[in-house]
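**Student:** Here is how the chains run, residue by residue.
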Amino acid sequence: MTNTLHRYGTEDTQRNDFIVFAMAGKGFNDEGSLDKAKAFLRAAIKYEPINMGNALVNSLYRPEKDLSFIKLYFTGRKEKTTYEELIDEIPAAGSAAVVFDHPERVKNFIADVKALDLGLSVNVSALVDNVRDICGEVEITPHAVEYTLGFHGDTDRLPDRDTMSISTMCGHGMVSAHFAKKMIDRVKEGRIDPEDAACCMAKFCVCGVFNISRAMKILNTAARGE
Amino acid sequence: MKINKDKCVGCANCVPVCSVGAIFIDDDGLAEINRENCVECHNCHRSLSPEHLPPGPTRLIRKILKSVSLRFQPDPDVCPTDAFIPEDLEWPRIVRRAFSDPMVTHESTGVHGRGTEEVKTNDVSGRIKHGEVGVVVEFGRPGIGTYFRDVETVTTALAKEKITFEAGNPVTQLMTDIATGHIRKDLLDEKVLSCIVEVTVKLEDTASTLAALKEICTTAKTVISIGASTVCAEDGSDPLKDILRAEGFAIGWAKVNLGLGRVSNRSAAAAEA
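In the order they appear, the protein sequences are chains A and B.
Position one of the first sequence corresponds to residue 1 (the working numbering), numbered consecutively onward.
Position one of the second sequence corresponds to residue 1 (the working numbering), numbered consecutively onward.
Treat each hint with caution, since some may be false.
[Stated by the list, open to error] Computed cross-link-like contacts, EDC-like style, restricted to lysine to aspartate or glutamate with a CA-CA straight-line distance of at most 16 Å:
| id | chain 1 | residue 1 | chain 2 | residue 2 |
| --- | --- | --- | --- | --- |
| 1 | A | Lys78 | B | Asp75 |
| 2 | A | Lys65 | B | Asp75 |
| 3 | B | Lys241 | A | Asp129 |
| 4 | A | Lys26 | B | Glu272 |
| 5 | B | Lys221 | A | Asp154 |
[Unchecked claim] Which residues of chain B face chain A? A few of them, derived with a C-beta cut under 10 Å, are:
| id | residue |
| --- | --- |
| 6 | Thr121 |
| 7 | Leu210 |
| 8 | Leu213 |
| 9 | Ala220 |
| 10 | Val223 |
| 11 | Ile226 |
| 12 | Trp253 |
| 13 | Val263 |
Calculated directly from the structure, the hints in this document are not laboratory data.
From a predicted model like this one, the values you see are computed outputs, not experimental measurements.
Where is the CB? At the ideal position from N, CA and C, for every residue including glycine.
Okay, chain A solo, but in the shape it has when bound (with noise of 0.2 Å):
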């Protein structure tokens, strides 16, 4: 889940983007916490997460394996799953991550995920003083906090802000630059719209932490070529 630490982009796109995550210490807290990564997961259903995912099943949006001519053009493709579905299917204990576009949601869930008492690790990726001040509404004192120092070495190589801002979101770097230019040029070609475009690319972050709403606003600014 460092995968979550270096996610690129102005302040202003990363304000309503936090991506909570729950994982057991191998050693320390690992058996049984299957159950325990799910009953973090279920919680986090009542706040509507925009996305969620544990890297072993895939995330809410998926690639569909039994695709046919038939369901693409005229039944249509199922592109998103739900969240007990996703849940039901995950068969063991990895990171379970959720993801949301709201501070207040953020601070409800973890307030829930307190009382729930779990036991694993609970981390919040977010602007770190947005994450202080849940802490302070919920009453809790961080354990420890970890920065993002920025990108470093060959920087002449990276990609422009909007395409980094979008492929980051995904710190496996499963949402290609490339695949991440693609889509914004085809949402200012007037190809797709921003929604369809922000979907698809999540597909391809199995860990389920690409922000979607997030995703929409960088594709709907960089389409008016702002």
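Once you have looked at the hints, place chain B on chain A.
**Tutor:** Coordinates of chain B only, in the frame set by chain A:
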């Protein structure tokens, strides 16, 4: 990863999807993978939806449409003919997949993705202690990739600083000498999408270590993402923020461990007691 040329229709949907830009349309008009650049992340095979169209008729339709200046353009996340063939990888190439495919669990640490826990589980592991700073140096991210020979250039330079390589880290486990930062010779020419080196430094050495790291990065042949972590004080504040600001780093995005973890494995709880 390979492409079945008997199935591929050359729609090029897979070209931008590749995490490192290793897929291209060859002279025969069909997709090909630059094997040297491919990091075996399986993104193309896993994330494109196969439509299972018959290749022959699909090629014919493409040809007819092209002749009248029209284009066969499937949805951007579709492979019309399911043309990807995952390979059974052997050592050392299998290391590419271990580091690049987020759905593969690292055997050395039991963690999927790049195989690190860092401070994410520090509330139970106590990996980073008060007065220490964990520094994560991630090579090849975002979206560039890295060879282990380029990682070694940095790890050998880093080893000369006042740092300790984290033992429970997949890259450390590939080192032949943890004191010098040298990595196994048979892996140096292997390319991965990204890999994370974790080191621990004393709080008072953080500024000098980060300054040295920044300097080392100036000659790196890939992109390097850096992160730094520390344990918070009892009031929730942390001593690292001011150090980072003084070193010229902008403070904004971060990952916060809420401290809700609890040691619950019987053996670990007994050892703790």
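**Student:** State for each hint whether it applies.
**Tutor:** Here is how each hint holds up against the structure:
1. A:Lys78 / B:Asp75: holds, 14 Å
2. A:Lys65 / B:Asp75: With a Cα-Cα distance of about 14 Å, the restraint between A:Lys65 and B:Asp75 holds, given a limit of 16 Å.
3. B:Lys241 / A:Asp129: holds, 12 Å
4. A:Lys26 / B:Glu272: Roughly 15 Å separates the two Cα atoms, so the pair holds.
5. B:Lys221 / A:Asp154: holds, 6 Å
6. Thr121: Check passed: Cβ of B:Thr121 comes within 3 Å of chain A, closer than 10 Å.
7. Leu210: holds, 7 Å
8. Leu213: holds, 8 Å
9. Ala220: B:Ala220 check passes; min Cβ-Cβ to chain A is 4 Å, inside 10 Å.
10. Val223: Status holds, d = 5 Å.
11. Ile226: holds, 4 Å
12. Trp253: Where the cut-off is 10 Å and the nearest Cβ of chain A is about 5 Å from B:Trp253, the hint holds.
13. Val263: holds, 5 Å
The structure shown violates none of the earlier numbered hints.
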